[in-house]
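Top to bottom, those sequences are chains A and B.
Take our numbering: the last position of the first sequence gets the number 109, and nothing is skipped along the way.
Take our numbering: the last position of the second sequence gets the number 113, and nothing is skipped along the way.
Read the hints as simulated data drawn from the structure, not as lab findings.
What you were told as hints is all true, and nothing was included just to trick you.
Chain A side only, calculated, beta carbon under 7 Å to chain B, not exhaustive:
(1) N31
(2) G41
(3) Q42
(4) L43
(5) N45
(6) Y48
(7) V90
(8) N94
(9) P96
(10) F99
(11) K101
Just so it is clear, CB atoms sit at the ideal spot from N, CA and C, and this is done for glycine as well.
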Amino acid sequence: GIQVEQSPPDLILQEGANSTLRCNFSDSVNNLQWFHQNPWGQLINLFYIPSGTKQNGRLSATTVATERYSLLYISSSQTTDSGVYFCAVVNSGNTPLVFGKGTRLSVIA
Amino acid sequence: NAGVTQTPKFQVLKTGQSMTLQCAQDMNHNSMYWYRQDPGMGLRLIYYSASEGTTDKGEVPNGYNVSRLNKREFSLRLESAAPSQTSVYFCASSASGVNSPLHFGNGTRLTVT
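All chains, please: the whole structure from these sequences, using the hints.
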């Protein structure tokens with residue numbers, strides 16, 4: 001099946017810094033989603049982004065499906081950005097989402 | 001809107017006991033899912049229901065059964081709990097299959113002793 005690799009596995013930032021999280025996948029995808037799991041365990045859908053670029057406040061995401069990667073940008077990070085960021089992809093048809101193992105982000109004040 | 005609601009939030013079982021995890025969504029979504037999350041393993045799909053009246057196995061279905069009771073509700077049953085089923089369980093829903101955004105409930109933390 002499709003492999004989803006996220007990097008880096010862990011990231012520590014000073015508040016106010018910018019960061020880029022990467023998601024590589026081993027095959028073509030029909031769609032890609034980014035999620036944030038906060039320190040209390042809640043999973044929030046950030047982006048549904050099969051291709052192109054989307055922005056939501058300080059967060060933006062770009063998916064280049066032909067090159068098999070997606071990037072999540074966090075600008076002016078805040079302590080509330082801490083948690084684990086997951087990307088998940090659909091390989092083909094109606095096969096279920098496959099999740100990467102996540103990037104754990106810690107933002108320090 | 002409540003979104004996706006899971007009950008209970010926490011549960012402790014002894015090996016061999018049974019229980020049902022409940023999930024309901026109020027977004028009129030067609031598709032519902034059950035995932036488990038274990039340290040270092042990410043999220044793994046147990047079962048899903050693409051639409052009312054259908055259910056399918058995911059990556060890790062052994063030891064579980066599901067029921068899509070109606071469009072709103074999708075339950076997960078452990079018939080004979082094992083310590084390997086200690087995990088955090090998440091229910092999720094999407095409007096229409098895998099090509100629409102996925103929305104999660106807050107999870108159920110299950111410990112099997």
